[in-house]
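So the chains spell out like this:
There are 4 protein chains.
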Amino acid sequence: MALSQKLKYAVLGVGRMGQRHALNVAYRTPRAELVAIADPKPASLQWATDSLSSSVGLYTDFEQCLAESGADAVLIASETKLHAPMTIAALHAGKHVLVEKPISIDLQTSRDVVEETKKFPDLKVMVGFSRRFDESYREAYKMINTGKLGKPHLIKSATNDQYDPSGFFVSYAGASGGIYIDCGIHDIDCARWLLSSSSSIPNPLKQVTRVFASGHNIRHPELVKDNDVDNAVGVVEFENGGVLMLHLSRTAMHGHDCFAEVFGTDGKVIINGNPQLNRVEIRDVHGVRSESTPTYYERFKDAFVLEVNEFTDAVLDNKPLPVNSLDALEAAKIATALTHSFRSGQPVYFSDEGEPLLV
Amino acid sequence: MALSQKLKYAVLGVGRMGQRHALNVAYRTPRAELVAIADPKPASLQWATDSLSSSVGLYTDFEQCLAESGADAVLIASETKLHAPMTIAALHAGKHVLVEKPISIDLQTSRDVVEETKKFPDLKVMVGFSRRFDESYREAYKMINTGKLGKPHLIKSATNDQYDPSGFFVSYAGASGGIYIDCGIHDIDCARWLLSSSSSIPNPLKQVTRVFASGHNIRHPELVKDNDVDNAVGVVEFENGGVLMLHLSRTAMHGHDCFAEVFGTDGKVIINGNPQLNRVEIRDVHGVRSESTPTYYERFKDAFVLEVNEFTDAVLDNKPLPVNSLDALEAAKIATALTHSFRSGQPVYFSDEGEPLLV
Amino acid sequence: MALSQKLKYAVLGVGRMGQRHALNVAYRTPRAELVAIADPKPASLQWATDSLSSSVGLYTDFEQCLAESGADAVLIASETKLHAPMTIAALHAGKHVLVEKPISIDLQTSRDVVEETKKFPDLKVMVGFSRRFDESYREAYKMINTGKLGKPHLIKSATNDQYDPSGFFVSYAGASGGIYIDCGIHDIDCARWLLSSSSSIPNPLKQVTRVFASGHNIRHPELVKDNDVDNAVGVVEFENGGVLMLHLSRTAMHGHDCFAEVFGTDGKVIINGNPQLNRVEIRDVHGVRSESTPTYYERFKDAFVLEVNEFTDAVLDNKPLPVNSLDALEAAKIATALTHSFRSGQPVYFSDEGEPLLV
Amino acid sequence: MALSQKLKYAVLGVGRMGQRHALNVAYRTPRAELVAIADPKPASLQWATDSLSSSVGLYTDFEQCLAESGADAVLIASETKLHAPMTIAALHAGKHVLVEKPISIDLQTSRDVVEETKKFPDLKVMVGFSRRFDESYREAYKMINTGKLGKPHLIKSATNDQYDPSGFFVSYAGASGGIYIDCGIHDIDCARWLLSSSSSIPNPLKQVTRVFASGHNIRHPELVKDNDVDNAVGVVEFENGGVLMLHLSRTAMHGHDCFAEVFGTDGKVIINGNPQLNRVEIRDVHGVRSESTPTYYERFKDAFVLEVNEFTDAVLDNKPLPVNSLDALEAAKIATALTHSFRSGQPVYFSDEGEPLLV
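Chains as they are written, first to last, in numbering that gives the first Met the number 0: chain A, 0 to 358; chain B, 0 to 358; chain C, 0 to 358; chain D, 0 to 358.
Keep in mind the hints are simulated off the structure, nothing from the lab. Because the structure is a prediction, the values reported are computed rather than measured. Any given hint could be a false lead.
Any copy, or any two copies together, can satisfy a pair, since identical chains are not distinguished.
As the list claims (entries may be wrong) - Pairs of lysine-lysine, DSS-like flavour, derived with a Cα cap of 27 Å:
| # | residue 1 | residue 2 |
| --- | --- | --- |
| 1 | Lys224 | Lys150 |
| 2 | Lys117 | Lys147 |
| 3 | Lys300 | Lys80 |
| 4 | Lys7 | Lys318 |
| 5 | Lys205 | Lys118 |
| 6 | Lys141 | Lys318 |
| 7 | Lys300 | Lys5 |
Here chain A stands alone, though its shape is the one from the complex (with noise of 0.2 Å):
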């Protein structure tokens, strides 16, 4: 397509994360149009109308609005058990596909919804990996292929929320999948994403060897009822010979801790050792100190802009998108196999062919 055609969204589901979506399709991203939004609920209805162009279709069924919109691609942002049905709907409805993660909680849901997508090979469908649009995590990636690093071989990650005293999380644990599949599943992506580039996979089938994972809760005993815990760890063993040490928690007290270290052999990288909000450092009687981005959001605002550009740019001009529904499906198996190793107290393998075996 020319440059100055432009890819037409609709954004299904506008809940707080799909706000910000509609508006960096509407305001922030040169080749994408916002043409519509889909939400059932009256208030995010509201928002559309107050925040949006008159020009914008609201809809509060997404399947009218994947028939009438005019649409070429759907950003799909609605609840995590809409996920694969909107997918599924959108492909139906010749709708590119940009999904929020993960495809689901439930790994066959996520491998039937890949499979599907097999069957429209004309359309793209990208999982919203944002990390991978961070340009901290490109520039990590960058010296890993470029061999600043020499061979990346252990990558210690953490995802720390900072605790909410309102507990809504723990309200949202059940549909969550857990903590491994809910918060886990990026840091899972980028240690997949930055640990193959420069090794051999000897196996393509099986990418991990074992994982293991160990829980607790510090500040939502509550959570046992779910299975669930606010402090995760795990150790995801993978067939290159890389290692993955994970740190999930929900009870950070300074902010949103996102941090991640990569080890080469010739070199590490640390990104966001100091989750700082901005270029402000105080000095006052609590210390030398700096405030912490307080959720995800402001750590990467800009990655969520750029994910939508590339996504783009890979539709308009027909390249190869930057992560695929085949990267979401492996990284879910990693995290259901944390999931099981958690709850069964043992160490889970994988099969040749590349299967967790939940034993």
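Put chains B, C and D on the given structure of chain A with help from the hints.
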């Protein structure tokens, strides 16, 4: 004006910085719309043809652009000597003006422009003091205004450009007005802004008591012919008791290092203590290290977007400007006084009318 | 004993670390006095002749030193395999013992030594867990004990030695007991110390529930012959609910990087986030950077002095030891269990009697 | 002298800092031996009785101490006004002298002392410019001398003492000579040391061209009666082209913040960018933060030991002093000139003979 109405912009001058402004107006500013650019240079027009929508009007003559483009506002990013005449021409053509700093390297010309703006009370004129739109300077300002730092009394400010072996800026030194005007105007403006915010100014005419300057050449002895230096320091004493310590340099080796330390009675803040390019820290044979922003642009790129957004809001909603041409004139007086102090070897005092005594 | 009385020390083994200890005892520890050293190596004796007062007795045979030197206490800094026999011989000679870690690479030998110490209730035996004497670890401990971090629940700890192209440690691998024992014993001891301090231990016999380990070789494939690795990770689950995540490495490129992150319910502390050598930051073409401590010695040199001072005080004033041989035994059990987990590929559980089940 | 011979010291004045010096000489300096202290205050003598070996002679009269103690050297840590007479008396008693800075708050007295030292060429006299013995300043000096920073041309230096609500220093202001002399003498000495190291000094008599100073009171308006301020800035232009920008303060809220930034043509170094107390970083509701050294003593405690060690070596081995009384005199001239500039409101120039023209 209604929310959905957009402010139509023409960008005058699309050299390196003008191109960035044009792209911001075109793609990153929801209520702004790029309708035209003007630049006499073929390369600039070619860039515009390649990079902008075909709906954007291209002009080689800025006066024709003012007359025909249908713009409501102009963003002037031409070479410095055209800032003043373009501003005046735009006002006479009924356009709002957002002009890059400085208005002029000549104090009287700046004064003339400010006088001219008074004849057009319905037109907004803002000078692009980009640091005022940076989130970190804003955070410091907010802390001062909410009393978190007590009374501000001292600012140490440094603008240290990365050393450019090509000598580009040297060739440009004659036209730049010298390092205090070219490079120090932002530091001076920020000092006025941050020091005044919680202090009473007893005599609004006289804002400065005295300035003192000293400079030396480290890598560019040829600057002597233009009475300029590549490293300059200065002290500005404000009438409200605040002090600015200033260091300007063209010879930083690690990148663009733009630093501010604001001292209040109850604490201090440091802005950009480490001029890091991103959130990556490298640990290898060179130590524990980070890369720096190479130029002011990587440091302030989001500020340039906010600058246009806020100017646009001020025009569309008829709100006060965050910074106006009088601010630019006051900063120019101080920069001129520092230049005079450096050249004369004497402190420069200010009259009760607020004019530097350039004896 | 009166303040002015000094504790007389013999240092057994004056290789690199023993020399440092001897100098500390001689010159930096007010209540300690160096009266003798013992070492069979001519180079060591020559060093002692050159560097110590002529009043210090020099022995090639440690047993003769025990019998004749008049020392009240010994500081054992010999090669690891002599730690146990020297400790036992010193006790039988009536000397207090400060012995470098580990007591032994063999768990049963460590246990035998601990049993032997019980026969000498009037003699103090301390194992040199130097990190317990470091001001930063002390500060973290103090914060935990005063409740500033809430309840501690997770420690991420890393001991990453600088890569030594000479392969020195590789030649030594067989005698070291492997990376978990040789390099991880400090991390394990600190985790026991910092996690237990504000937690009740329900079953004092059983301190650990389970350990899991994984290792890989990056630069030293030849370690395989000793069943060892140059990079190792591990997870230790303590009975009190605390968790240790461990990373040990011989391949850091920037220096000795010894890191700890202690998570409490109300906050966390990071110890040595930047392993800087001094307070100098360099900004040049390599970026904004600092040099790292090259070895553990630069990192902990003051801790080694405090260690001797506190041991001396404990003996002279008959006060409890800051760390005792039972602590060393518990750490040895965990290190041995991690080694077994790494080699067997299985988690290792602990019995109700607190013994690792090395099946 | 032979290695085993020790230099016998008397410490004159054992107030807070003198006590620290006495303990260092007694216990941390291998070749130094504390034989006596002198102090007229009963509390000081009581401290000495409680804290020092009974072999240390205690004197209320320093002249008796000089006559009877058998010391080879004195360390003078008394109140400032006694520095000069004690130095002269010690020289006449045949003692080497290590005296705390400044020699005197009066320039002529300092000059007289320096003249007096010339009569005793066999006796060493060193002024305690402790920063010259700090490992980080040393590292910066080494980098300059080995050419790693190119030619040094600018130093920004700050000594900011923690605000003391008790007003202790205010009561002391009259006797201190004012902030430039009391607090700035170290910054001035370091600038002389670091800027001269790789520069030729065309006229050794005239080291300074011009100074300019400006001060203001933030929390201590009562200082006006002593012609003093609690915040002071200054610029010193050296004859070799180097420049010092100085900031002295009594009102830092977070701790003692002693900062230096040394600019060379090929890079710069920052010393103590974060005045951290230890290697602990806290992350809690107050942000990501570290504690600062509360006073100069925590910052420089190892430097005070090295200072005595190097002075001892210089005497015992008859080696040149690292810093001598002429250095102290030159620093005093500059501090006096800054004080004059602040009070007169004018720059102060230096004569060709190197004297400040205090007109």
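The hints, checked one at a time:
For a Cα distance limit of 27 Å, the shortest separation of Lys224 from Lys150 across copies, 23 Å, qualifies, whereas the shortest one inside one copy, 43 Å, does not. Proximity of Lys117 and Lys147 under a CA criterion of 27 Å is satisfied in neither setting, with 37 Å inside one chain copy and 55 Å between copies. Proximity of Lys300 and Lys80 under a CA criterion of 27 Å is satisfied intra-copy only: 24 Å inside one chain copy versus 38 Å between copies. In the homo-oligomer, the alpha carbons of Lys7 and Lys318 lie at most 27 Å apart inside one protomer (17 Å), although the nearest pairing across protomers, at 34 Å, exceeds that limit.
Within a single copy, Lys205 and Lys118 get their C-alpha atoms as close as 24 Å, which meets the 27 Å cut-off; across copies the closest is 57 Å, which misses it. In the homo-oligomer, the alpha carbons of Lys141 and Lys318 lie at most 27 Å apart inside one protomer (20 Å), although the nearest pairing across protomers, at 45 Å, exceeds that limit. Taking CA atoms no more than 27 Å apart as the test, Lys300 paired with Lys5 passes in both settings, with 22 Å inside one copy and 24 Å between copies.
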